[in-house]
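As you go down the protein sequences, you meet chains A and B in turn.
If you count by my numbering, then the first sequence holds residues 13 to 203, one letter each, in order.
If you count by my numbering, then the second sequence holds residues 14 to 232, one letter each, in order.
Some clues are possibly wrong.
Unchecked claim - Cross-link-like lysine to aspartate or glutamate pairs, in silico, EDC-like; alpha carbons within 20 angstroms at most:
1) K40/A to D187/A
2) K162/A to D133/B
3) K230/B to D93/A
4) K198/B to E131/A
5) K230/B to E131/A
6) K16/A to E231/B
I should point out that these hints are in silico values taken from the structure, not numbers from a laboratory.
Computed from a prediction, not measured in an experiment: that's the story for all the values here.
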Amino acid sequence: MSKKTACVLNGSLRGGTPADRAASATVKLLEDRGFGAVVHTLRDLDIAPCLGCFACWVKTPGVCIIDDAGRDVARSMIRSDLVAYVTPVTFGGYSSELKKAVDRKIPLILPYFTFVGNEVHHIRRYPSAPCLLGVGVLETPNVRWEEIFKTLVQRNAINFHSPDAEACFVRGDEDEDRGRIAAAIGEVTQA
Amino acid sequence: MNKKNALVLIGSPKGLETSTSARLARAVLAPFDDQGWTVDWIHLHRAVETAEGTTELVTKVSGADQVVFAAPLYVDSLPAPAIRGLERIAAARSERTGEEKVPRFAVLINCGFVESQQNDTAVGICRAFAEAAGLEWFGELTMGSAGNGPKRFHRALAEAGSALSSGFPIPPSARKLTRRPAMPKLLYVIGGNVMWRRIAKKRFGVTKQEILAQPCKEA
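Next comes chain B alone, as it looks inside the complex:
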């Protein structure tokens, strides 16, 4: 029996090793080995830099049984190189005959706000892409607080992985687990503001007054 192919597309500039997107994708992909899948990974920022990378990208998407796309939210949407990758895939697949297999497409989006709902516009874009590229929509997980959260976040990732590796879409029960904020919003605001001040001061010696600089202000 032929092994099934999964393809993971990482749409974060931080790549396959250190990005939150890759960490979340690894958690979802954990059950795939046991289920006999082969898993390929592509970093979209790298792939779209060259013609060879782009060709490999579109070929591997069309040859996959399951595509998992993981990206951070950038200004209410996806990072530019990720959009470029999706543009290239859709353009290449616009010439499909309809006789090829239809890869499934599932999405993991995380953002630095506390509300997972802030990812919804990006999910809408991913869904519209899937339709345009002739991929079967297999659901999404959205996470706030940069994918860091309580145990229910981990359960959501495990449930999503279990479903996808068994040939089912990400279930609503998994999606629901990440929709509630990881912590009270006010706590996130206060804690976040303290964190930014500390990072600036400890790592770069930048004071809280300097953080407020307005270098683009007209003289």
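Next comes chain A alone, as it looks inside the complex:
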């Protein structure tokens, strides 16, 4: 049986931050669970913003026309069993560093629409999609921001057909944070 794989996107804005530490902890915990984990430290990668041109749907299907690391990260995501977004919670959402890679995931789905429940979404391009784990760094608890973040992770999972998704929050206490991330990994890998 082949080893399970995980793709960890480190969306920290700077090095040595709590988000950096959370990304390292996430990788370690995934490896402890038997995953082969690849981490992408996005601030170090040259990923141009999505142009909103839809060429990846109608001109070069499945491939972004921008030839940079955004393509590699998208490929890494779709080939994984689990994708972890590690990010400072930014107004309830993802940091701009994480979002630049997430915006470039669009080639992984088809332009065509379908219904998911009663809502319109895009059809999957690949037969399977990774589970999604959101690790939000939020040193001061903020109920509203946490609600937005959890909703965002779940909405992303719907749009990219993830079989399961989970969000957790880390506060900067390394032992407690490890426990929270481990519990979330446990939840999401039950799928």
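On the provided structure of chain A, position chain B as indicated by the hints.
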């Protein structure tokens, strides 16, 4: 009497000329001239590329009476450069003393799905940003079907513009006008799928089988 300043922030990669966000913002801003406002426009994707652009952005936001932020929905949130712009504005304004004027902040979000409700997470993010940056929340309009819709969509934009230019938040009546889908959902799905096939074929010679390519599949 000093003129009031409005600042329009466009968060679409397609910019100030051709983006749907700019088109919607122009409709909202239409009454501002008659009401004696000066109106400035900033394209966030450009602004955040340079230190000078970022400085101009944060200075103009703090000097505005009314900020109108218009952006497309990207993966349930805002496009990355728009988020970068909001990060920079909030960071700069975290050093405010509390004695400066408080700019008002209104938001127009559109998405390519038929349901305007799919924009709600992005609106939540905008609202949280406004609170973090010390801006007064002045409401939102959300639109599905890429901002294309029946006459009630145009009425919503006009009502929003009339309210904002008179110093009032976007009224619930305007918000309600865009909440219902522009067309039946099934029609949108069928029509949308035909449209994508046609665009691929006519503009790029890509067949419906080629659209389904899986280039990232492992060999």
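So, going through the hints one by one against the coordinates:
1. K40/A to D187/A: Cα-Cα ~13 angstroms, so holds.
2. K162/A to D133/B: With a Cα-Cα distance of about 13 angstroms, the restraint between K162/A and D133/B holds, given a limit of 20 angstroms.
3. K230/B to D93/A: Distance of about 13 angstroms is within 20 angstroms: holds.
4. K198/B to E131/A: Within the cut-off at roughly 8 angstroms; holds.
5. K230/B to E131/A: Violated. K230/B to E131/A sits at ~28 angstroms, over the 20 angstroms cutoff.
6. K16/A to E231/B: holds, 14 angstroms
This entry does not satisfy hint 5, going by the numbered hints stated previously; all others are met.
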